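Please model the entire structure based on the sequences and the hints provided.
The primary structure of each chain is shown beneath.
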Amino acid sequence: MKRNLVVATLVVFAFSSIFLLSSCAKKQVITEEEMKAPAPEVAKVEEKAAVPAAKEKEMEQAKIERLKELEEAKKREAAIDEEKAWMERRAAKFEAESIYFDFDKSFIKVENRPVLQEKAAFLKDYPDMRVRIEGNCDERGTNEYNLALGDRRGSSSKNFLSSLGIAADRIETISYGEERPRALGHNEASWSQNRRDDFVLIR
Amino acid sequence: MKSILVSKILFSGRVISQLLIGILVLGIGIVFETNDAKAKLYIDITSPSMRRISIAVPDFKYLGHKNEHPELSSKLAGIISNDFDLSGYFRPLDKGSFIEGPGAGITRDSINFKDWSVIGAELLLKAGYECIGQQLKVEARLFEVFSGNQVYGKRILGLVEQSRYLMHRLANDILFALTRHPGPFLTKIAFVGTSTGQKEIYLADYDGHNLKQMTSHHTITLSPRCSPSGDRMIYTSFRDSGTVLFMHDMIKGWTKKISDRKGLNIAAAWRPNGKELALTLTISGNPDIYLIDITGKIVKRLTKNWGIDVSPTFSPDGEKMAFVSNRSGSPQIYILDLRNERVERLTFEGSYNTSPAWSKLDRIAFAGSSDGRFDIYTISPDGRDLRRITQDQGNNEDPCWSPDGRYLAFCSNRTDGNYHIFISNANGENQRQITFFAGDQLSPSWAQQVK
Chain C
1 MKRNLVVATL VVFAFSSIFL LSSCAKKQVI TEEEMKAPAP EVAKVEEKAA VPAAKEKEME
61 QAKIERLKEL EEAKKREAAI DEEKAWMERR AAKFEAESIY FDFDKSFIKV ENRPVLQEKA
121 AFLKDYPDMR VRIEGNCDER GTNEYNLALG DRRGSSSKNF LSSLGIAADR IETISYGEER
181 PRALGHNEAS WSQNRRDDFV LIR
Chain X
1 MKSILVSKIL FSGRVISQLL IGILVLGIGI VFETNDAKAK LYIDITSPSM RRISIAVPDF
61 KYLGHKNEHP ELSSKLAGII SNDFDLSGYF RPLDKGSFIE GPGAGITRDS INFKDWSVIG
121 AELLLKAGYE CIGQQLKVEA RLFEVFSGNQ VYGKRILGLV EQSRYLMHRL ANDILFALTR
181 HPGPFLTKIA FVGTSTGQKE IYLADYDGHN LKQMTSHHTI TLSPRCSPSG DRMIYTSFRD
241 SGTVLFMHDM IKGWTKKISD RKGLNIAAAW RPNGKELALT LTISGNPDIY LIDITGKIVK
301 RLTKNWGIDV SPTFSPDGEK MAFVSNRSGS PQIYILDLRN ERVERLTFEG SYNTSPAWSK
361 LDRIAFAGSS DGRFDIYTIS PDGRDLRRIT QDQGNNEDPC WSPDGRYLAF CSNRTDGNYH
421 IFISNANGEN QRQITFFAGD QLSPSWAQQV K
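Protein chains in written order, with my numbering: chain C, 1 to 203; chain X, 1 to 451.
In case anyone wonders, no lab produced these hints; they're calculated from the structure.
A hint or two may mislead.
Unchecked claim - Quick partial rundown of chain C residues pointing at chain X, CB under 8 Å, derived from the structure:
#1 E95
#2 D104
#3 L149
#4 R152
#5 S155
#6 I174
#7 E179
What the hints assert, rightly or not - List of simulated lysine-lysine pairs, BS3-like, C-alpha gap at most 25 Å:
#8 X:K300 to X:K257
#9 X:K304 to C:K105
#10 X:K262 to X:K304
#11 X:K256 to X:K297
#12 C:K105 to X:K252
#13 X:K252 to X:K300
For clarity, every value in this text was computed on a predicted model and none was experimentally measured.
Where is the CB? At the ideal position from N, CA and C, for every residue including glycine.
Right under this line is the structure:
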């Protein structure tokens, strides 16, 4: 019996201590919350005091950074302009340089290979560009035969550029036969100017 | 001939005058006989060498009371005299040599034939005309000077504004009476002209008059080809960038795109049946000739060769096609037999032979060059009997035949450095310049009179 009483007392004690402890803990939590509440105000006051000096510094920094950025952008633009100008120069050369053929022939002459190689390099550098090759002939012979011959001349250049890795769908050809002479004389000096492929960029 | 017979039956009385008034209202001329004398076959046009008959065509005499349109007196005579000249069968005498007095008439009794025999005339065309307002009546009589016999007589009615047409009709009728073959005087010639600074297609009467601009594409327009029946024309134009084949109906007025495939659509030719065309396409990557129907659908690929194949022209039966190919290294003319697909080379002389044109009388004309200059030649389709048509007179190119195969047209720069259209007999005799326009006139195609 005595032993039972002891156990019961212990249990009661234990329970009551748990209760006490738990109520104590709750109180502590509340206290902490209460204590926390005024804290931000204190912080704000401190921040307010720190603003003027920090912001000035920051703005100064931003200004410098902005200036730097502008300068860099200018440099970049200048570089782009230069690149563009360089491209335009190359494009103008691309379009200005025709290749020339022998009478009634459509094969690419050895001396014209470097010209076409340069054109291929240009087209590789600027993959958005396409080219129209215009085949032309001198006035001798019929315009019907010459339209066909001009077509073959255009195809010769197209095939050459293709063989250098330019996709066929970036190259179109048109034949003008003898209809668009560059030189109007009726002699070999003029004819040799007229047996040509012209290259026009399509952008 | 039918209308002539009908006219004979009805000749005299009011019936015919009513008929003529009806025809005049419609604006159509009519030819009818005024004399029973039938012309014998004066000229055998099939004979290999022909002597031109000298003919005198004095100014037409005004037959009415009030002399309306006096300018027609020499104009009408000039038109028909030029027809006689261009026909190649006649040699019209110079008007300045005529000695006949002003009192002479146009009937046998009122003509002193000695006036004409002394100046060397073998035939004499005497004609008179009368105008009532815009209506024109012409009476024409052809005499054999030696015998004084009238060999032909007609009255012709129409409108003053149709006077060229009426004279060409009269000339056709006279030529038919003398040769039993219709003349070329009512045919037309299409060509490429550069007078606007661009290349456009034009159509003129066979003598170069009555010019009409057929296209206004403001670009390069090439290779007109008139249909066998003369009512349609095909041509190649750069109007929509690149070459496109167009067809134009000259009667109905429409124009259609027939072939606008990628690459070339050039140098089309009519098959004589009028239902198919041959042209050069590059759809295979190489210029080859294809047969298409007139809606543009491919019927058949005709050539398959690594080289250039262009400028097709069909034999009269439509079963063979001559064309230009550089398969042997330089442009030469070949003939394809459509039945067995065999190809034979036709031209061997000269380094550059092109522009074949196959006549209804089975000869092939072409332009060839051996010394840098181009000249016209004709050859039999079997490769025999090569004849040179032009020589030492500038460049001569783009030959074509008249619909009946008796005349050639081509362009030549022999006169002023520009190209103009010339016509000649099939054998090259009697070459005459018929276009005198500014710029070049190129690539003629001779159109049948539309019936």
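Quick rundown of the hints versus the structure:
no.: 1; hint: E95; in the structure: violated (18 Å)
no.: 2; hint: D104; in the structure: holds (6 Å)
no.: 3; hint: L149; in the structure: holds (6 Å)
no.: 4; hint: R152; in the structure: holds (6 Å)
no.: 5; hint: S155; in the structure: holds (7 Å)
no.: 6; hint: I174; in the structure: holds (6 Å)
no.: 7; hint: E179; in the structure: holds (5 Å)
no.: 8; hint: X:K300 to X:K257; in the structure: holds (19 Å)
no.: 9; hint: X:K304 to C:K105; in the structure: holds (20 Å)
no.: 10; hint: X:K262 to X:K304; in the structure: holds (18 Å)
no.: 11; hint: X:K256 to X:K297; in the structure: holds (14 Å)
no.: 12; hint: C:K105 to X:K252; in the structure: violated (43 Å)
no.: 13; hint: X:K252 to X:K300; in the structure: violated (29 Å)
Checked against the numbered hints above, the structure violates hints 1, 12, 13; every other hint is satisfied.
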